[in-house]
Structure formats: structure tokens, C-alpha cells
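Undergrad: Chain by chain, the residues:
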Amino acid sequence: MFNRPSLAARIICQFIATIVALPFAFVLVAIVAKSFDGAGVVANYEAVLTQTPFGRSMLNSAVISLGVIVLVYTCTMLAGFAFGKMNFTGKKLVFNAILAGLVLPTIALVVPLFLMVQRMGLFNNYLAVIVPLATTIMPFTLLLTRNYLAGIPDEVLEAAKLDGCTSFGTLVRIVLPLSRPITAVIVVWAFLQAWNDFFLPLLFFQDPDMQTVTTIPLYFTSTYGSDEPKIFAALVLICLPVAIAYLCLQQFFEKGLSAGAVK
Amino acid sequence: MNRNSAPALEAPPPVKRRDAVGTPAVPTGAGQSKYVPWLYILPVLILVVGIVYVGIGYTGWVSTLDWNGIDPVAEPAGLANYTQITTDPAFWQTITHFAVFALLTITAQMALGLFMAVLLSGSVVFARTLYKIVLFLPVILAPAVIATAFRSLLSPQGSLNAFLTGIGLPASDIAWLADPHLALFTLAAMNIWQWTGLSFLLYQAAIAQLDQDLFEAAALDGASWWQTFSLVLLPQLRGTHAILALTGCIGALKTFDIVYLTTGGGPGRSTEFLTTYIYEQVIEQFHAGYSAALSIVLVILALLLSTVQIRAYRFGEE
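Protein chains in written order, with this note's numbering: chain S, 2 to 264; chain W, 6 to 323.
Errors might be hidden in some of the hints.
Calculated lysine-lysine pairs in the BS3-like style (CA-CA distance at most 25 Å, straight line) [to be verified]: (1) K93/S / K39/W; (2) K39/W / K92/S; (3) K256/S / K39/W.
For the chain S half of the interface with chain W, some residues (derived, Cβ under 10 Å), not all of them [unchecked claim]: (4) L100; (5) S168; (6) P209; (7) A235; (8) Y247; (9) C249.
Simulated restraints on C-beta separations [said to hold, decoys possible]: (10) P54/S / I315/W: 17 to 25 Å; (11) A26/S / L225/W: 34 to 42 Å; (12) D178/W / F124/S: 42 to 50 Å.
Derived by calculation from the structure, the hints in this document are not laboratory data. Quick caveat, the model's predicted, so the values are computed rather than measured. Backbone N, C-alpha and C define an ideal beta-carbon position, used for all residues, glycine too.
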């Protein structure tokens with residue numbers, strides 16, 4: 002939009018961008034800085050790792066995240082392929098019916114979910130969190146994936162069919178290798194949602210051994226009272242895996258998100 | 006998981022045989038007969054119907070009961086729960102809060118996100134990746150983390166007040182989250198802080214895909230910066246505006262974690278959202294029937310708002 006801006010214009014733009022970005026950076030820096038306060042960096046982080054079931058809660062969150070990612074990826078890719086590349090009666094209706102799940106707040110499902118979990122005896126079972134969580138994530142990943150897969154030229158699939166590929170063979174051998182950006186989006190998004198979820202574990206896991214990382218701050222506030230630096234050290238540790246995942250897959254993630262969302 | 010995907014995995018062999026007979030009426034990329042697409046959709050369909058639709062159906066049934074959620078026996082109540090909602094001042098408060106919150110957060114996120122996307126497009130600004138990461142990192146952080154952090158940073162003795170005092174402002178002991186006149190706006194600011202990065206990212210991606218000739222043509226025609234922005238750029242980004250307005254609206258309606266973990270709907274009911282009210286009614290007050298009716302109202306509201314917006318923007322059309 003700018004054609005060869007002058008040096009003065011560039012400095013002004015840099016200045017304005019910095020002013021807007023500062024409040025965002027301020028909070029991020031404040032969180033990390035606060036975790037260095039009090040007893041000192043080493044003592045704070047050591048306390049989090051040794052005096053709480055932090056490792057155990059990390060493991061729980063990892064199991065849940067992995068389960069959600071696998072479930073979301075499998076279901077999304079299969080359905081995305083059908084919605085993006087096949088014609089059948091009722092397609093639009095069914096797609097919209099699934100998409101309606103996108104607008105549904107989990108809170109509206111509290112009572113039925115609670116009863117389902119109770120009937121099936123799934124309290125303190127990973128499945129009680131994995132399955133509902135994956136279901137609420139799927140409409141969004143499906144929307145992006147359908148848009149992305151619809152963009153793959155039909156000729157490529159026709160060629161595979163002429164060569165004797167079944168539809169499932171086409172999906173595995175042709176479509177999946179072409180879907181790396183959208184795969185990154187599905188994986189990162191499902192991981193984010195699963196790792197960051199707070200509500201379902203709170204509701205279905207009463208066993209202290211089943212705590213997930215997002216419930217650790219609660220545990221902290223009651224146990225350590227006002228020892229804020231340790232709480233903030235825990236916050237930093239909770240954020241680390243998702244931050245690393247995002248930074249590693251950043252380029253794929255942005256490419257896939259724009260390909261799926263901006264048409 | 007495996008059980009769900011198994012039918013789809015076993016699907017292909019019969020497909021091939023049927024294709025040999027020929028299905029010329031369907032000129033799609035992948036070979037198929039009539040039922041094959043359904044096998045691919047089956048896993049998603051089972052989950053969405055089994056959890057979302059069964060759940061809503063059940064909630065709809067509970068909403069016609071006078072029930073505390075525990076007793077084995079529940080009295081039928083007809084539509085009494087719904088008529089109670091219409092005269093419940095707490096419910097109408099949550100609607101007002103939603104409207105204020107949605108308006109503030111959506112406008113600010115879209116404006117800030119677009120502004121930064123335009124500013125960081127091209128190569129005017131130095132170290133663009135750094136700005137991008139700073140803006141987007143909040144998006145990926147857990148609401149539980151953000152709530153805990155902000156509760157401390159925004160306390161009267163917290164870092165924000167210390168900073169404001171440090172630059173000479175008289176803000177020594179503002180209780181950002183405990184003042185009933187401020188709390189809703191503080192929550193809106195937290196939401197803007199978290200989600201502006203998403204607006205920014207989507208705008209940036211959309212701008213990168215635009216045809217640069219348009220801007221050169223505008224420049225040749227002597228268009229001012231403002232004319233180029235409002236007459237060329239803004240209309241081109243219609244699809245992105247639509248997605249952001251829609252997701253922002255649904256997001257505002259779904260807001261729960263961050264409110265529950267900071268103000269819990271208080272002080273008083275000054276930050277009560279429909280979601281926190283539903284939670285309070287069922288978990289703390291044991292009004293399962295009333296809470297279910299509120300949930301149904303929430304679902305209808307969400308569907309209504311998104312349908313209106315989708316119609317308005319004709320978003321989702323092929």
C-alpha cells in the first residue's frame with residue numbers, strides 16, 4: 002500500500018507499530034519477569050517442579066492432547082475429503098448441521114455430558130475429556146479443511162482414479178501429502194484447545210492424580226497463598242509447550258490458516 | 006477412536022467394483038458410489054450427533070422440568086422455566102453485558118488487527134516477525150493462565166498500577182477487576198489483548214493474497230492514502246471482516262473461563278455472562294431445569310446471531 006516511503010515515514014510507522022505492540026508485550030514480559038521475583042528464578046521453578054504434581058499433570062495434559070489430536074485429525078480428514086471432493090445428496094444440509102456445532106458453547110452441554118459420563122462410569126477417565134473436547138473442535142477444523150481440500154484440482158484426483166486408485170487410496174496417497182499446511186493447522190489448533198482446556202477436566206476429574214496443567218494455578222493459589230512468583234513460574238511452564246509448538250510450526254500454521262479461512 | 010474410523014477404512018474395495026459399472030452422473034475427483042461419502046462422514050457424524058444433538062435434545066427435555074438435578078423424581082413444569090427467564094432481571098443483565106462486551110471487543114480487535122496488518126504489510130517496518138509473534142502469542146495461551154496472570158497484574162497492588170504510578174499517573178490503587186463500574190471493561194480489554202492477534206493474522210494473510218495491481222492502479226489514478234484504504238482495500242477484505250465478526254460474536258457469547266476465573270460474574274452481577282449464570286444455576290444453586298432452559302436460550306441465541314450474520318455477509322457460499 003505504501004510506495005517507497007521516506008525515511009521519516011518509516012520511522013513514524015515503526016514508532017506507531019511499537020506503541021500498539023507495547024501493551025501486548027507488557028503483559029507477556031510482566032508474566033516472565035514476575036516468575037523471576039521473590040526467592041529467585043531457580044528456587045521458583047524448582048518449587049513448581051518438585052513441590053507440586055506438575056510432572057503428572059503435564060503427562061495428563063499430554064495424553065489428552067494426543068488423544069484429541071488423533072481423533073480430530075482422523076475424523077476431519079475423512080469428512081473433509083468427502084465434503085470437499087465428493088458430490089452427494091444432502092451434502093450441504095449435513096455440513097451445515099455439523100457446522101452448527103461451532104456455535105455451541107460447551108457450557109450448554111454440562112448437564113447431559115455429566116450424566117453421560119456418570120452412566121458410562123467414565124469419571125477420572127481420559128475419554129470423558131478427550132471425546133467431548135474433540136467433538137467441539139471438529140466443526141472448526143472441518144470448515145478449514147473442506148475449504149482447503151476443495152482447492153485441490155479435480156484433475157489430480159481423476160488421474161489417480163484412472164490409475165486404479167480407490168477413493169481411500171486417493172485420500173492416503175494423493176490428498177494427504179498435498180495437505181501439509183492444513184495438517185499443521187489441525188494439529189496446532191487441536192493441541193492448543195486440548196492443552197488449554199480448563200472446564201472439562203475440572204468437571205470430570207476429581208482424582209488429584211488426574212489434574213491437568215490448567216488446573217495447577219488453582220492448586221497453587223490455595224496451597225501457596227500469596228507466593229506469586231511461584232505461581233507465575235508455573236504459568237510460564239504451562240505455556241511453554243504450546244508456545245514452542247506454535248513457534249516451530251508458525252509458517253505452516255499461517256499458510257494453512259489463510260488457505261482454509263481466506264477464500 | 007478406532008471403532009469410529011473402522012467402517013471408512015474398510016470402505017474402498019466395494020467402491021472400486023461399483024465404479025467399474027460406472028457412475029457417470031457424478032463427475033467428481035474421487036471414485037464413489039452413493040453410500041461411500043457417508044462412510045467418510047460417519048465418524049464426525051456419530052460424534053456430533055451423539056454428543057451435541059443428543060445433548061441439546063436432553064437439555065431441551067430437562068428444561069421443561071422442575072428438577073434440582075439430583076432427585077430421581079422430577080416434576081414436569083411445562084414452559085414455566087422459560088416464562089421465568091423473561092422476567093429474570095439477572096438474565097437481562099447478562100444480555101446487556103454480552104452486547105457491550107461483543108461490541109467493544111469485536112470493534113477493537115478488528116480495528117487494531119487491520120491497522121497492524123496494513124502497517125506491517127510490505128517492508129516499511131523493521132523486525133516484522135517480532136511484532137507478529139508478540140501479537141499472536143496471547144492467542145495461544147490458556148484462558149486459565151491469562152486469568153491467573155491478569156488477576157495478579159490488575160490487583161490494586163499489581164504491576165499495572167505500579168507502572169501507571171511509575172509514569173506519573175495518579176493510579177495507585179485502582180481495583181480493575183473488583184470495581185463494579187470497571188470490571189466488565191477490564192474483561193473486554195483482556196479479551197482484546199488475547200484475540201487481536203487472530204484478527205491481525207487473518208487480515209495479514211488476506212492482504213498478502215490481494216492483487217497488487219489494484220493499488221498501483223489507484224496510485225496512478227491519484228487516489229489519496231485514505232481513498233486507497235477505504236475504497237480499494239476495505240471492500241476487498243469483506244470475507245475476512247465477515248469471519249472475524251462472526252467468530253467474535255460467537256466467542257463473546259461463549260466467554261466463560263476467563264470470567265469464571267477472574268471475577269466469577271461479580272462484583273454483584275456486574276460481569277455476569279449467560280454462561281457463568283448457567284453454571285451458577287446448575288452447579289451452585291441446583292436449579293437444573295432452569296439452567297437447562299437458559300442453555301437452550303443460549304443455543305438459540307447463538308444460532309440466530311450466526312444465521313443472521315451468515316445471511317448478511319453471504320459467507321460460506323461457494
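Undergrad: Please go over all the hints and tell whether each is borne out by the structure.
TA: Hint check results:
With a C-alpha separation of about 15 Å, the suggested pair K93/S and K39/W falls inside the 25 Å cut-off, and the hint holds. For the suggested pair K39/W and K92/S, the alpha carbons sit about 12 Å apart, so the restraint of at most 25 Å is met. Simply put, K256/S and K39/W have alpha-carbon atoms about 34 Å apart, too far for the 25 Å limit, and the pair is violated. Interface restraint check for L100/S: the shortest CB-CB distance to chain W comes to about 8 Å, inside 10 Å, so the restraint holds.
Look at S168/S: its Cβ gets to within about 4 Å of chain W, closer than 10 Å, so that hint holds up. At about 17 Å, the closest approach between the beta carbon of P209/S and any beta carbon in chain W exceeds 10 Å, and the interface hint on this residue is violated. Of the supplied interface hints, the one on A235/S holds, with its beta-carbon coming within about 9 Å of a beta-carbon of chain W, less than 10 Å. Evaluation of the Y247/S hint against chain W yields a held restraint, the C-beta minimum of about 5 Å falling below 10 Å.
Evaluation of the C249/S hint against chain W yields a violated restraint, the C-beta minimum of about 12 Å exceeding 10 Å. Under the hint 17 to 25 Å, the C-beta atoms of P54/S and I315/W, about 45 Å apart, miss the expected range. Checked against the hint of 34 to 42 Å, the C-beta distance between A26/S and L225/W comes to roughly 39 Å, which is consistent with it. Between D178/W and F124/S, the C-beta spacing of about 44 Å keeps the proposed range 42 to 50 Å intact.
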